[in-house]
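We have chain C; now place chain H onto it with these hints.
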Amino acid sequence: MEKLLKCENLSFSYENTSVIKNLSFSLGSGDYLCIVGENGSGKSTLTKGILGLKAPADGKIIKGGGLKANEIGYLPQQTPAQKDFPASVFEVVLSGRLNSRGLKPFYSKKDKMIAHDNIKRLGIEELLKRSYRDLSGGQQQRVLLARALCAGKKLLLLDEPVTGLDPIVTDEMYKLIFELNRKENITIIMVSHDIASAVKYATHILHLDGDKSFFGTTKEYMKSPMGQYFFAEVSKGNENQ
Amino acid sequence: MTQNSVIIYVPTAYNINDFLITLAFVFLLWNFIICNSVDYCGYGKNSLLHFIEILNFRVEYMLLNEITEMFQHSFMIRALIGGTLVSLCASLLGVSLVLKRYSMIGDGLSHVGFGSLAVASAVGCVAPLEVAIPVVVIAAFFLLRLSENSKIKGDAAIALISTSALAIGITAASMTTGLNTDINSYLFGSIIAMNGTDVILCSVLSAVILVMFVFFYNKIFAVTFDENFAKATGTRAGVYNMIIALLTALTIVIGMKMMGSMLISSLIIFPAVISMRMCKRFKTVMITSAVVSVICFFVGLAISYLYSTPTGASIVIVNLCVLIIFTGIGFVTAKISARKYI
Chain C
3 MEKLLKCENL
13 SFSYENTSVI
23 KNLSFSLGSG
33 DYLCIVGENG
43 SGKSTLTKGI
53 LGLKAPADGK
63 IIKGGGLKAN
73 EIGYLPQQTP
83 AQKDFPASVF
93 EVVLSGRLNS
103 RGLKPFYSKK
113 DKMIAHDNIK
123 RLGIEELLKR
133 SYRDLSGGQQ
143 QRVLLARALC
153 AGKKLLLLDE
163 PVTGLDPIVT
173 DEMYKLIFEL
183 NRKENITIIM
193 VSHDIASAVK
203 YATHILHLDG
213 DKSFFGTTKE
223 YMKSPMGQYF
233 FAEVSKGNEN
243 Q
Chain H
2 MTQNSVIIYV
12 PTAYNINDFL
22 ITLAFVFLLW
32 NFIICNSVDY
42 CGYGKNSLLH
52 FIEILNFRVE
62 YMLLNEITEM
72 FQHSFMIRAL
82 IGGTLVSLCA
92 SLLGVSLVLK
102 RYSMIGDGLS
112 HVGFGSLAVA
122 SAVGCVAPLE
132 VAIPVVVIAA
142 FFLLRLSENS
152 KIKGDAAIAL
162 ISTSALAIGI
172 TAASMTTGLN
182 TDINSYLFGS
192 IIAMNGTDVI
202 LCSVLSAVIL
212 VMFVFFYNKI
222 FAVTFDENFA
232 KATGTRAGVY
242 NMIIALLTAL
252 TIVIGMKMMG
262 SMLISSLIIF
272 PAVISMRMCK
282 RFKTVMITSA
292 VVSVICFFVG
302 LAISYLYSTP
312 TGASIVIVNL
322 CVLIIFTGIG
332 FVTAKISARK
342 YI
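Chains as they are written, first to last, in the numbering used here: chain C, 3 to 243; chain H, 2 to 343.
Just so you know, these hints were derived from the structure itself, not from any lab.
There may be inaccurate statements among the hints.
What the hints assert, rightly or not - Not everything, but these chain H residues come out facing chain C in the computed CB check (under 7 Å):
1. Ala-223
2. Asn-229
3. Lys-232
4. Thr-236
5. Met-277
Don't be surprised by glycine CBs; every beta carbon is placed ideally from N, CA and C.
If we strip away everything but chain H, and leave its shape as in the complex, we get:
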C-alpha cells in the first residue's frame, strides 16, 4: 500500500505522545483512502459522514464482531473454559517445577501421555483420556524418583522414556487406525478437540489442583526453596514432591488434547520463566505467571481461530513473543540501573 510510505516517523522514548498521534493519523489517512475508493454506505464517496461511518464500522468489526462471533461457536466456549483452567494450573505448577530444575519431567510426561492415549485409542477404548490419567500419574512418580536419584543420569533416563513412549504410541496408532486426525490432534493440539465430558473432567481436576495448590502453598514454597531445610524441620518433602508430580501429571493429561503433547510442556515452562524475569517475590512470581499464562492463552486462541493456525503452536508463539519482549525490557532496565550506579 502506498499510504504506508507517506509518513515515516521514528519514535523515541521522549515523545511517545507524538508517536501515538502519528499512529492515529496514519490510521485516519488509511481509512480516508479506503473509504474514498469504495462507497460502503451509500453516502457518496467523499463525504465526511461516510468517512466516520466507515471508521465506526471498521472499529466495531475489528473488535466486537470477531470476538462475539468467536464465542458463538460452542467449541470455542469449551476451548476457552478448558484452556483457561489448564493454563492457570500449568503456570502455577510451572514456577515450582522450573525452580526445582524439574522442567524436563513435564516434557517427559507429555510424551508418555501421548503414548498412552494413542495406544488406548488404537485398542478401541471408549475413553482414552481416562486410561491415560493413571498411566501418566505412575510415570510422574517414576520420573520423580529418577530425577531425585543422582546415581542414575536423570535427564538421559527422561529422554529415553519420552522417546520410547512416543515411538510406542505412533507404532500402535499406525498399525490400527493409521495416523488420522485424532492422532494428529493429540500430537499438535486442536481447537475443536475438547468435547463436553472433557470440559467437565477438566473443570473438576483444575478445581482440585487449584484448591490443593492454595492449601499447600507455603509448604510448596519451602520445599521448592530448600528441600534439605524443609526435611530437617519436619516437613515431609518427599510427600510434597509427589503432590507436585501428581498435579503436574493431571494438568498435562487434561491440557494435552487442546495443546498437543508436543507443546503442552511450554504451558508449564514459558509463563514461569517470563514471570521470573519480572518479579522479585515468590508470591508475585506465582500471580504474574498465572496472569501471563491466561492472557497468552486468550491471544493464542484468538489467533488460532482467526487465522486457522494450530492452537497449541499459536499459544507457544505468543508466549515466545512475550518472553522476548520481557527479556528485552529486562536487558534495557539492567543497563539503565547499571548506569545509575556508576
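Pulled out of the complex, with its shape left as it was, chain C reads as follows:
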C-alpha cells in the first residue's frame, strides 16, 4: 500500500539550534498517529513542517496517495481573538473550502454542499446559524473540526484538540475523532499531551525527545523503555492525586 505521508531523515532547526534530528517515519491510509513529547521537543515545529509552513533543514517529507500539499485538514489551537469572533458557524465551516478555490473569489454551490455535509457529519446542524462566539468550547472545537474536514478529506492534523475542554467534552471529542478514523478511514495525526488517551486510541505513537525519538505502533511503544518510563511517571502522578 502506498504511504500517505513519509518523512525521511528529517531535521529542523531554528537559528542553528536543531530541534528535531534525523527523524524518519511513515503513515499509511487509516492510521492514527499521536505525537507526544515534552514542551520544546519540536511537536509544533514538526506540525509546521508537515503543513509545509517550515522547510526542513535536512531530509524530506513525501506526500503520497494523491494527497496534495494544501489538502491537509488542520485544526490549529485557538487564539484568544477567535473566541469572541462574530461569524456564523456556517461561515466558519465554509471557509475551510478556500483552498479549493484558487483565485476564484466566491464559493460555489458544491462548496456549500460539502460544508453542509460536514456539519451534518459532526452533528452540529442545530448550531448552523448560531454565532461562533456564543458557543461553548467543545462546540467551537467541533465547528473547527468540520472546517478541517472541508479542507482535507484524507488527512487530519489536530494540534492539541482538547485543550481547555472539560473531561466529559474531552472524552466526546476523542470518540468523535476515533469514529472519523475508524468509520471513514481518515488518517489522523494528533499532537497531544495526554499520553493515556493517546495509547487508548492511536495506532501509532511518535515520541519526540531530541535524537532518542521513538516511532512505532502503540503496542511497541508500551513495551519500549521510553513508554514504560512514561507510564510509570503518569501512574505515579495519578497516585499522588
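Frame of chain C; chain H shown alone:
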C-alpha cells in the same frame, strides 16, 4: 421656556403610543404659543389658519430648507461624496482590523500621514496628498511587520512612530509657514478642505478599495478568523495582510483632509465596534458597519454644517452616541434574555 414644564410625562415601554401622542401634543402646544406671540403670516394672531400655516412652515423649514440649502454649496457636495466613500471603505476595513487586533495600526498611520502632509506642504510641494500616499503605504507595511513580529513590542513601536511623525510634521510646519489653517485642517479636519482633485482621487481610490474588498472578501474572512489555518491550507496570509494594510493606508490618506489625522482612525474603529455589538454573522457585521458608518457620517456632516462645528469631531461624537445607545440596548437585552433562562 415655560411651556416645557407644563406637561411632565414619564414614558414606559408599555405605552409608547401614549408617549408619542404626548410628544405631538407638546409640539403642538409649543407652536400654538409661538404663533400666538408673533404674527408671521398676517392672518391675525389667534386664528387656527395661522397656526396651521406656521406649523407647515416650521416643518418645511426644519427638514427641507436646511437640507436643500446645505447642498447648494459645492463644497458640501464634495464633502458628501468624498466622505461617504471614505466612511464606506474605512468601515469595511475596520471590521477586519479590529478583529485582528490591528486598530493601532490605523492610528499610527494617520499620524504618519499628517507628518508627511505637513512636511510636503512645508517644502512647498504642489500636491502634498500625492506625496503622502507612498509614505503612508510604506509605513503601513512597516507597522504590519512590527505587529506580526512579537519579539519587538508592537504597540510601543507604533506609539513611538506615530508621535515622532507628529513631532516632525509640526516642527517642519512651524519652521516654514507656521501653524496656519491648512495645518489645522490636516490635524482636526475641515468641511471645506476637499477640492475637486481630492474628490476625483478619493472616488478612484474608493472604487479600487471596494472592488478589491469584494473580490477578496472570502480570503479576508479566512485570514481574519484564523491566520494559521489559512496559511496551512495554502492561502498566502501574508499577502492578504499586506492588501489590508495597503487599503487601510489609502483610506486614511484620502479621509484625512476632511476628518483630520487625529480623528480619522475613529472612522475605522467605531462602526466596526458598534456593528459587532449588534450582529452575529460576519457578513451582517460588515454590512451593518458600512450602514452605520455612512449614517453617522451624514448626521455628523449636517451637524458640522448647521452648528459650524469641526467635521471630524462631529462625526466622532455621533458615532460615540450610537455606540453608547447600542451598548445600552445590548446590556438590557442581555439582562432580559438572562431572565428568560432562569
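Tell me if the interface restraint on Thr-236 of chain H is satisfied: Cβ within less than 7 Å of some Cβ in chain C. At about 6 Å, which falls below the 7 Å cut-off, the nearest Cβ of chain C leaves the hint on Thr-236 of chain H intact, so it holds.
Close enough to count: is the Cβ of Met-277 of chain H nearer than 7 Å to one in chain C? Constraint on Met-277 of chain H satisfied, holds at 5 Å.
Quick check on the hint: Asn-229 of chain H CB to chain C CB, less than 7 Å? It holds, given that the least Cβ distance between Asn-229 of chain H and chain C is near 4 Å, below 7 Å.
Hint check, Ala-223 of chain H versus chain C [nearest Cβ-Cβ separation less than 7 Å]: Since the shortest Cβ distance to chain C is 5 Å, the answer is holds.
Restraint outcome when Lys-232 of chain H is required to lie within 7 Å of chain C by C-beta distance: holds (6 Å)
When each numbered hint is compared with the structure, no violation occurs for any of them.
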